[in-house]
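Protein sequences, first through last, are from chains H and R.
According to this note's numbering, the stretch in the first sequence is residues 236 to 464, in order.
According to this note's numbering, the stretch in the second sequence is residues 18 to 211, in order.
Bear in mind the hints are in silico, worked out from the structure with no lab data behind them.
Keep in mind the model is a prediction, meaning the values are calculated, not measured.
Virtual Cβ for every residue (Gly too), placed ideally from N, Cα, C.
There may be inaccurate statements among the hints.
What the hints assert, rightly or not - Reference listing, derived: stretches of chain H covered by chain R, where coverage requires no fewer than 3 residues with Cβ under 8 Å from a Cβ of chain R:
| no. | segment |
| --- | --- |
| 1 | 267-274 |
| 2 | 292-304 |
| 3 | 350-360 |
| 4 | 432-439 |
Given next are the chains, with one letter for each unit.
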Amino acid sequence: MSHPVPVLALLLASALPAAAARQAPPEARVDAAVWTAVEPVLSAARRDSLPIDALRSKVFEGAAKGVAPERIRVVVQEMADDFRSVRNALRGAGARAAGDAAAGAPVPAPAPAPGEVVAAAMAVRQGIPLDAVLRLWRARPDGVAGSLEVPLVVLTEIVRRGVDVPQAEALMGTVVANRVPAHVAAQLPGRLDGALAAGTPPGQALDAAVRALNLPRPPGRNPGRRPIR
Amino acid sequence: MSPARKGDTRREEARLRALLESVRAPEWAPPGFAARVMARVRREGRPAWRRALDWLLRPRAVRVTPAGALLAGAAAALVLWAAPWSGGPAQPGEGPAQAGAGTAQVVTRFVFVAPQAGSVHLTGDFVAWDQQGVPLDDARGNGVWMVDLPLDPGVYQYAFVVDGLEWSPDPLAVSQVDDGFGRQNSVVIVTQGA
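Could you put together the complete structure from these sequences and hints?
Take a look at the structure:
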């Protein structure tokens with residue numbers, strides 16, 4: 236090669252448009268019509284400190300799936316409404332719990348993290364009563380700021396698999412209060428699937444999963460047989 | 018050699034000898050001539066940037082072997098791929114922030130069985146739902162597509178895109194949820210210490 240520099244420059248110049256396309260921000264993949272439709276919803280959500288990333292993600296998802304702008308707006312609006320409702324409820328529950336702990340003294344309530352608001356809204360949308368979500372929120376030990384995102388998702392998944400809400404709520408409340416690590420709690424749905432596949436009724440399947448993971452039992456429940464070590 | 022030819026040769030030799038003498042004679046120049054020429058060269062010399070520009074703009078024939086062109090292309094592609102501004106394949110974290118950002122990432126395996134597929138891509142909220150998200154690899158050619166992806170701890174929704182067109186949830190996922198648009202998304206819970 237006599238003059239590699241001009242050849243390299245030519246190749247680089249030809250490759251730059253492809254590189255520029257790849258580094259385009261995700262906003263560039265969304266039509267202007269979609270942004271026009273959703274911008275008022277996003278602006279209101281931003282002003283209200285709602286989990287804006289989750290709402291924007293739904294916009295990206297809708298655009299990627301070729302959904303009409305108006306439909307995307309409706310879905311994002313519903314999500315924002317759910318977030319607002321659940322976030323306010325969590326804030327209220329947190330304030331009451333903190334106030335109780337300090338014997339009436341005004342204590343700043345722990346603010347729910349965006350992931351917790353999203354998970355709580357998803358739980359409610361999938362049929363978990365809001366009161367059950369709030370009780371789980373209050374079950375956190377004082378001074379512990381661990382995320383409830385995973386416990387909320389696990390609660391939803393357990394109920395979706397047929398376990399009744401009180402039993403699932405009692406178990407997850409115990410899991411949260413005893414600070415069971417998230418990676419252990421996250422195994423519950425999979426363990427439950429194994430027992431359900433063997434024909435075990437959901438309630439008993441949950442007990443089997445609890446034993447298998449050696450989780451603490453909710454008060455009042457039969458501890459059952461210890462797992463073989 | 019004939020006398021006439023001999024005469025021609027002598028004349029030619031004399032002419033060449035005279036020419037040589039004139040070439041060998043020292044050139045004369047007036048006193049200070051060399052100094053004046055060099056001063057003028059320095060005064061009128063082009064700046065470095067101009068010489069560089071001329072070098073860049075001067076057309077020249079380039080000879081490239083096919084192997085050389087391939088090497089140069091590979092080098093250019095490597096530079097573009099490795100450059101921080103080039104992006105490369107979509108990476109987790111480009112999309113919306115997730116809970117757990119700032120903590121150690123957890124390598125998460127995604128598997129999708131599609132024997133007839135020509136390509137499978139993983140997309141989800143961890144790559145802002147980019148359809149070209151993360152390509153899965155059918156390394157054994159048996160239709161089992163796989164990718165290991167480092168993710169921050171959190172809960173993510175995702176789907177697979179088969180052959181760039183068909184959206185499919187993950188049958189192996191812990192959960193499927195309604196995406197609000199008439200399809201299903203899969204859910205993955207990423208935790209540390211698993």
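Taking the hints in turn, this is what the structure says about them:
Restraint check on the segment 267-274 of chain H versus chain R: 0 residues with Cβ-Cβ distances below 8 Å, three needed, restraint violated. By the rule of at least three residues with a Cβ nearer than 8 Å to a Cβ of chain R, the coverage given for the segment 292-304 of chain H holds, with 9 such residues. Here's how the segment 350-360 of chain H fares: 5 of its residues keep a CB closer than 8 Å to some CB of chain R, so the rule of at least three is met and the hint holds. For the segment 432-439 of chain H, the stated coverage by chain R is violated: 0 residues have a C-beta nearer than 8 Å to a C-beta of that chain, whereas at least 3 were required.
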